[in-house]
Amino acid sequence: MAEVLDVAVRLIVIVVAFLLLPLIVGQMEHKAMAHMQSRLGPMYAGGFHGWAQLIADGVKFAQKEDVIPAAADRRVFAIAPAVALVPYLVVLVVIPVGPGLVGADVDAGLFFVLAVMGVGVLGAIMAGWASANKYSVLGGMRAAAQLMSYELPLVLAASSVAMAAGTLSLEGIAEQWRWWWLPWQAIGAVVFFVAGLAELRRPPFDMPIADSEIIMGTMTEYTGIRFALFMLAEYAGIVVLSALTAVLFLGGWQGPLLPGPVWTLIKVFVLAFVVIWVRVSFPRLREDQLQKLAWIGLVPLALLQLALTGVVKVLMA
Amino acid sequence: MHIVYPVVVSALLFSIGVYGVLARRNAILVLMSVELMLNAVNLNLVAFDVWLRDRLHGGQVLTLFVIVIAAAEIGLGLAIVLAVYRNRRSIDVDRLRDLAEGDAPEVSPQSEVSPGRVAVGEDADREAGS
Amino acid sequence: MTSETPGFWPPSGPEVVFLLLGVVALGSALLVVTTRQLVHAALWLVLCFGALAGCYLVLTAEFVAWVQVLIYVGAVVVLLLFGIMLTRAPIGRSADLDSGNRWAAVLVALATAGVLLSVVVAGFGAAYAPLDPGQGAAKPLGSSIFRTWVLPFEALSVLLLAALIGAIVISRTDIRGRE
Amino acid sequence: MAIMDGYFGSYVVVVVLLLIGVGIFAGGLFANRMLRPDRPTPDKLTTYECGVDPVGEGWAQSQVRYYVFTYLYVVFAVDAVFLFPWATVFAAPGFGMTTLVEMFVFLAFIALGILYAWRKRVLAWT
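Chains as they are written, first to last, in this note's numbering: chain A, 20 to 336; chain B, 550 to 679; chain C, 8 to 186; chain D, 336 to 461.
Read the hints as simulated data drawn from the structure, not as lab findings. All residues carry an ideal CB built from backbone N, CA and C; glycine is no exception. There could be a bad hint or two in this list.
[Claimed, not checked] Here are some chain B residues the structure puts well away from chain D; computed CB gaps all over 12 Å:
1) Val579
2) Phe597
3) Arg637
4) Asp641
5) Arg644
[Said to hold, decoys possible] Just the calculated beta-carbon pair ranges, DEER-fashion:
6) C:Pro159 with B:Leu601: 16 to 24 Å
7) C:Ala162 with D:Arg368: 50 to 58 Å
8) A:Phe292 with D:Ala443: 37 to 45 Å
Given these sequences and hints, build the entire structure.
See the structure below:
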């Protein structure tokens, strides 16, 4: 019984983190972006610096009419947001926040994460096709091509860490991490983070929803709660990407003085801030520049990192 | 695990794939049915690997190789299908009979075009400029 | 050996899960070959592959299961969807997906199923394998690939290179051979 | 009571979380159904194309370049699959430099594919 209770507590923590952290990141984005652009951002909802803005947004979304266009494929249109959202929740189960503090100890954890996150691309294609809107189809195609191109450097950089640690378990990787991995895996970390940003379709990689070209891409026809779920998927994606980068490249819970979970949270939020900062600082890439960056920039860099990791590791052994 | 369960599932899956290959006209659907048959084979390989407790993991390694080759095959197959579509405006395997013996009904290259469609290939670069 | 082989009834937990996943896989596979909507066929294929990945997980082939998800669900289906989008992807039913020889196909498929089923049931009806996790993890697979199966592995790279170049040449009309 | 332990146990937890995820989605839609107005009009249900009436049908032909990128990914993904089991064993005793070289030969062959694509200007747009 105690065991079931233990698992239940872990699951509840994961679900709460999944619903809460994206909201905090979203609020942080509102405020940080506003201040970087010499604005104030939300100030009224909830009183103190508009802290309840996103809750108010959520309530508003939940009350909105759910419009499904007459020409759309209703069933596929309806479940596309779930396909985009649920993988991010499932991935959280293997991300450790402290020694032993993990939802489920999956031996192939790293590979599990990459495989499950790869499913999300179907959500974009389904949403784009089922909307029966030309702009959505174009957005869906762009999204799919982008996710596929950037999945590769992501996978290669992740496997470099797996090589360094000699295990695929995320907990094992974080345990083995030492400070000198920072310079050793630096290229891989940058490649992983940039590719992850592109996977999230955040600016400067937001061609699939480039509003000046194709309205809102795959999300053009979505309204109300389904649109909100897509947004939740985006911010949950920021949390997952930051957490993964923290665990793989920054040592997860390792750090002086403070307890492990606090260190994990600090690293996650610092990385999430970088995601927001990048959005404010860089203009959108063009579609061909995007593909070029993946194939001529990131993939060779990731291969270089693989070679570096392999040679150092074998020479050490 | 009784080994008969996986092998029965795999046999049925293979038969469904056989039906798909024979009954479908659209070339992409035929490719999908081929994938079903390959997956039936993979299930068998994994089941026998588990049953025979192969110390070299021959079954599972071969499954990985089959997955890799299937991915290469489907990509090449689709590239051919796209090339056929570009030239014929149709990917209907019943009507691609140029190599048939005897006097098969000729399909005119433009018969399947409907208005408003843009060709695959370099004419379709409209979107690139957007 | 036979002393430890349990009977068919009652089925163990993993067997129940396996059979449920098998039913899902077979049902969605049937929908793949019978649906009248092109894109739906690809989406049912996703469900079929997902259920098969679950089957591999139950059979303790952990790594193969996630390879199935990464490659089939995440890549091959997307490739198929691209193929559909590049040819014709109408919403709603298409009339011309099935050919005229449906009944012949049904006959052949039933005959195949009959032959295969009678053979495998007769051949492996009594076979039993206790599930023991750990055999399908990445490490044992890696050590057997790079100890025993290195040559086929290297041959694969040549095959993939050839397939890649072939696909590029076929799909791009502006690449020509030497005049 | 070892249901939540070991190999099967950890995947039971994963499946439960998957079901919770579906539950969150369904719950959101259910709350929405309880709270929302529902007054569809033909205008509201038309496809949105910047406010003008939709032209033609709701599907646009995509271009073949995207297909090539996707296939490039597929070819590399299937080789990245072998990187992971390799990563767990290549530094173990009995493998070492030979295994490292084997993988790099493999990667070099595939990398020739990228080089080819790049030389044939498949990766460039114009």
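These are the hints, each one checked on the structure:
Once the 12 Å rule is applied to beta carbons, Val579 of chain B is consistent with being away from chain D; the minimum gap is 18 Å. With 12 Å as the threshold on Cβ separation, the claim that Phe597 of chain B sits away from chain D holds: the shortest Cβ distance comes to roughly 20 Å. Every beta carbon of chain D lies more than 12 Å from that of Arg637 of chain B, the smallest distance being close to 15 Å; the non-interface claim holds. Separation of Asp641 of chain B from chain D is adequate, the least Cβ-Cβ distance of about 18 Å exceeding the 12 Å criterion.
Chain D leaves Arg644 of chain B outside its interface by the beta-carbon criterion, the shortest separation being 21 Å against a cut-off of 12 Å. Hint check: Pro159 of chain C to Leu601 of chain B, Cβ distance near 19 Å, so the stated range 16 to 24 Å holds. Distance hint check: the CB atoms of Ala162 of chain C and Arg368 of chain D are about 56 Å apart, consistent with the given range 50 to 58 Å. Under the hint 37 to 45 Å, the C-beta atoms of Phe292 of chain A and Ala443 of chain D, about 39 Å apart, fit the expected range.
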